[in-house]
Amino acid sequence: MTQTTAQTTYGYQDLGPLMGLMTGDEKHGPAATSTLDALWVLYDRVLRVDPRHPDDPGRDRFLLSKGHGPMAYYAVLAAKGFFPVDWLEGFGGYGSPLGHHPDRLLVPGAEIGSGSLGHGLPLAVGSALGLRAQGLTDPAVWVLIGDAELDEGSNHEALAYAGAAGLDRLHTLVIDNDSTTHGWRGGIASRFEAAGWSAATVDGRDHEALHAAFTAAHPGRPHAVVARVEQKN
Amino acid sequence: MDTMRERFISVTSQVLDEDPRLALVLAEISKDGFRPAQDRHPERVINVGIREQLLIGTGGGLALTGLRPVMHTFASFLVERPFEQIKLDFGHQGTGGVLVSAGASYDWPAGGFTHMSPGDVALLDTLDDWTVHVPGHPDEAEALLRHAYAAGDDKVYVRLSLQSNRTAQPVDGARFLTVREGRAGVVVAVGPMLDDVLAATEGLDVTVLYASTVRPFDDDALRAAAARGTDADVVLVEPYLAGTSTRAASDALVDVPHRVLGLGVSRAELRRYGSMDEHTADHGLDPAALRDRITAFLPKA
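If you read the sequences in order, they're chains F and Y. Going by our numbering, the residue at position 121 of the first sequence is 121; the numbering climbs one at a time, nothing skipped. Convert by adding 1000 to the 1-based position in the second sequence; the result is the number in our numbering.
It is possible that part of the hints are untrue.
[To be verified] Pairs of lysine to any residue residues, derived as SDA-like cross-links and limited to a Cα-Cα distance of at most 25 Å, are as follows:
#1 Y:K1087 - F:A195
#2 Y:K1300 - Y:T1246
#3 Y:K1031 - F:D55
#4 F:K80 - F:P17
#5 Y:K1087 - Y:G1049
#6 Y:K1087 - Y:E1028
#7 Y:K1031 - F:A195
#8 Y:K1300 - Y:D1286
#9 Y:K1087 - F:K80
#10 Y:K1031 - F:A165
#11 Y:K1087 - F:Y94
#12 Y:K1031 - F:Y94
#13 Y:K1087 - F:D55
[Unchecked claim] Across the chosen pairs, the derived CB separations fall in these ranges:
#14 Y:A1110 - F:A216: 44 to 54 Å
#15 Y:P1042 - F:H68: 55 to 65 Å
#16 F:Y94 - Y:E1202: 54 to 64 Å
#17 F:A216 - Y:Y1273: 53 to 63 Å
#18 F:E193 - Y:R1021: 47 to 57 Å
#19 F:Y94 - Y:G1066: 28 to 38 Å
#20 Y:D1153 - F:G166: 24 to 34 Å
#21 F:G135 - Y:E1080: 34 to 44 Å
#22 F:P57 - Y:A1151: 17 to 27 Å
#23 Y:D1128 - F:R45: 37 to 47 Å
#24 F:G135 - Y:R1146: 39 to 49 Å
#25 F:G93 - Y:D1017: 22 to 32 Å
#26 Y:R1175 - F:R45: 50 to 60 Å
#27 Y:G1111 - F:E89: 54 to 64 Å
[What the hints assert, rightly or not] Computed list of chain Y residues with no C-beta within reach of chain F, every gap over 10 Å:
#28 D1002
#29 S1010
#30 Q1014
#31 D1019
#32 E1043
#33 I1046
#34 R1051
#35 T1058
#36 E1084
#37 D1089
#38 D1129
#39 A1150
#40 D1153
The hints are simulated quantities; they were obtained by calculation from the structure and are not laboratory data. These figures come from a predicted structure and were not determined experimentally. Think of the CB as a built atom: it goes at the ideal place given N, C-alpha and C, for glycine as much as any other residue.
Given the sequences, and given the hints that come with them, work out the whole structure.
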């Protein structure tokens, strides 16, 4: 990456160095974080969000539920212009808006504050219902959860209800780095499918596969994409 | 007379017709009463099933999109079970909503402790900036619910109960009312405790304040009432956990020497079924027991 203040557009290759601003590790590679590729494909090619109009009622909503390890999220938001790249260096500091868990009141573009696991999917269900109740049937609602986060019972309340209610503007992205202790027998996608969701499982590093799964049609049903990445060390 | 919960259903159904911003989230409880409203507004009357974490999370999501969510079930399942959702899905997100509970501290004694929630107001007291209404009559419930629905993006809890006073007071959603004036102490009756407090203090030289909105606490009213008497001695009579408002009263009187006695539902489980009157007596909240406890604390009364 060319480190100049004049740089205004960033690509996928810049995300590693942007994350390096937060961690101090200049060799930060995309593989160091499980969410980076899926986040990039979403923000670069799928989500209809505009940093100049972050409160547009018609925007798509992306809710980062797995608030742990938000460096990739911050890097993508900065790369897309939601806040200045020079905010990244203060990551976690007292005066920084960028904490180790995001706060929606501090981070432009962050739809929710998260960190406590299991809150995003229920909030996403309410967001999908709230948009529909106001006649906003076009915006998509996305929520990112982790495979271990799926342990939280609140997710199962939400996914069972969303399937039964046919919330077809709701999308769940599960980043599966096999970090859950007890595993998901039968596979994570099967939990969603049994509840009436459309579901796809893809290589979480393959941008074309992610894009295809993100944009697959799922009439009348919510949609889950399980993005499998390397096992957490 | 209808109950507070029946009034909640009729008033909320009406406001749903009038205010397109209002949305109701249920977790099965009261779904039959809301069926006509749900038929008229299927996208703003949402029953998520017996899922209380989702009840609050859904309300939080509705609020993120700009709606005014109303969430309802029994107090123990509305406030105690999904407490972290209340903390994070509203306060931390910077949004608001209205929690409306039924069941109170012991509205269904035969149901046992699983359906009792004496600690709900004390729990909410650990969070910032929640308004807490405790109506003492169905007409007050209606006024306070309408007040809550129109309160912008405020965070509001409305605690409904089968316990009720015979007549309604002209509540305004904020101030304590002076019901009786005296000089030997101040007795604050909260919500449905008013009739029993008035009976217990009959003929005593005390001021009786009536509180149907307990948070924020009406510091000015308590200070003014205390200043009228010889000593700043205060008895709080609350229909939930004893002592819940002791800190608030003490803070209001921080500048003057004062004593505070907090009466209410006792902490220990009774492990009894039976009737509401029996539980009121067991907690020492019937008029005779209240009079004994108040006069012991206020010997000049």
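Here's how the hints hold up against the structure:
Taken as a hint, the K1087 of chain Y and A195 of chain F pair is broken in the structure, with Cα atoms around 28 Å apart against an allowance of 25 Å. Under the criterion of a C-alpha separation no larger than 25 Å, the hint pairing K1300 of chain Y with T1246 of chain Y is consistent with the structure, at around 21 Å. A C-alpha spacing of about 34 Å is found between K1031 of chain Y and D55 of chain F, which places the hinted pair above 25 Å, so the restraint is violated. Between K80 of chain F and P17 of chain F the CA atoms are separated by roughly 15 Å; this keeps the pair inside 25 Å, and the hint holds.
About 22 Å separates the Cα atoms of K1087 of chain Y and G1049 of chain Y, which keeps this hinted pair within 25 Å; it holds. For the proposed pair K1087 of chain Y and E1028 of chain Y, the alpha carbon gap of about 23 Å is at most 25 Å, so the pair holds. Using a Cα cut-off of 25 Å, the hinted pair K1031 of chain Y and A195 of chain F holds, with the two alpha carbons roughly 23 Å apart. Under the criterion of a C-alpha separation no larger than 25 Å, the hint pairing K1300 of chain Y with D1286 of chain Y is consistent with the structure, at around 22 Å.
About 31 Å separates the Cα atoms of K1087 of chain Y and K80 of chain F, which puts this hinted pair outside 25 Å; it is violated. In summary, the hint linking K1031 of chain Y to A165 of chain F is supported, as the alpha carbons are separated by about 16 Å, within the 25 Å threshold. Using a Cα cut-off of 25 Å, the hinted pair K1087 of chain Y and Y94 of chain F holds, with the two alpha carbons roughly 23 Å apart. With a CA separation close to 47 Å, the supplied pair K1031 of chain Y and Y94 of chain F exceeds the 25 Å bound.
Straight-line distance between C-alpha atoms of K1087 of chain Y and D55 of chain F comes to about 24 Å, which keeps the hinted pair within the 25 Å bound. In this structure, A1110 of chain Y and A216 of chain F meet the distance hint of 44 to 54 Å, their C-beta atoms being roughly 53 Å apart. In this structure, P1042 of chain Y and H68 of chain F break the distance hint of 55 to 65 Å, their C-beta atoms being roughly 37 Å apart. For the pair Y94 of chain F and E1202 of chain Y, the beta carbons lie near 59 Å from each other, so the given range of 54 to 64 Å is met.
In this structure, A216 of chain F and Y1273 of chain Y meet the distance hint of 53 to 63 Å, their C-beta atoms being roughly 55 Å apart. Judged by the Cβ atoms, the range 47 to 57 Å given for E193 of chain F and R1021 of chain Y is violated: they are separated by roughly 36 Å. Taking 28 to 38 Å as the suggested C-beta distance range, the pair Y94 of chain F and G1066 of chain Y conforms, at roughly 32 Å. Taken as a hint, the range 24 to 34 Å holds for the pair D1153 of chain Y and G166 of chain F, whose Cβ atoms sit roughly 29 Å apart.
Range check, G135 of chain F to E1080 of chain Y: Cβ separation about 36 Å, and the 34 to 44 Å hint holds. Restraint check, P57 of chain F to A1151 of chain Y: a C-beta distance of roughly 22 Å satisfies the suggested window 17 to 27 Å. Checked against the hint of 37 to 47 Å, the C-beta distance between D1128 of chain Y and R45 of chain F comes to roughly 40 Å, which is consistent with it. Between G135 of chain F and R1146 of chain Y, the C-beta spacing of about 26 Å breaks the proposed range 39 to 49 Å.
A C-beta distance of roughly 50 Å is found between G93 of chain F and D1017 of chain Y, which places it outside the suggested range of 22 to 32 Å. One distance hint, 50 to 60 Å for the beta-carbon pair R1175 of chain Y and R45 of chain F, holds here, with the actual separation near 56 Å. The supplied range of 54 to 64 Å is met by G1111 of chain Y and E89 of chain F, whose beta-carbon atoms lie about 57 Å from each other. In this structure D1002 of chain Y is separated from chain F by more than 10 Å, as the shortest Cβ-Cβ distance comes to about 28 Å.
Every C-beta of chain F lies more than 10 Å from that of S1010 of chain Y, the closest at about 22 Å, which supports listing it as non-interface. The claim that Q1014 of chain Y is not at the interface with chain F holds, since no C-beta of that chain comes within 10 Å of its own (minimum 18 Å). Taking the minimum C-beta to C-beta distance to chain F, about 12 Å, the non-interface status of D1019 of chain Y holds against the 10 Å cut. A beta-carbon of chain F is positioned within 10 Å of the beta-carbon of E1043 of chain Y; the least distance is around 4 Å.
A beta-carbon of chain F is positioned within 10 Å of the beta-carbon of I1046 of chain Y; the least distance is around 6 Å. Separation of R1051 of chain Y from chain F is inadequate, the least Cβ-Cβ distance of about 4 Å not exceeding the 10 Å criterion. With 10 Å as the threshold on Cβ separation, the claim that T1058 of chain Y sits away from chain F is violated: the shortest Cβ distance comes to roughly 4 Å. A beta-carbon of chain F comes within 10 Å of the beta-carbon of E1084 of chain Y; the shortest separation is about 7 Å.
Its beta-carbon lying about 6 Å from the closest one in chain F, D1089 of chain Y breaks the requirement of being farther than 10 Å from that chain. Residue placement check: D1129 of chain Y keeps its beta carbon more than 10 Å from all beta carbons of chain F (closest about 14 Å). Every CB of chain F lies more than 10 Å from the CB of A1150 of chain Y, the least distance being 19 Å, so the non-interface label holds. Separation of D1153 of chain Y from chain F is adequate, the least Cβ-Cβ distance of about 13 Å exceeding the 10 Å criterion.
Comparing the model with each earlier hint shows violations of hints 1, 3, 9, 12, 15, 18, 24, 25, 32, 33, 34, 35, 36 and 37; every other hint is respected.
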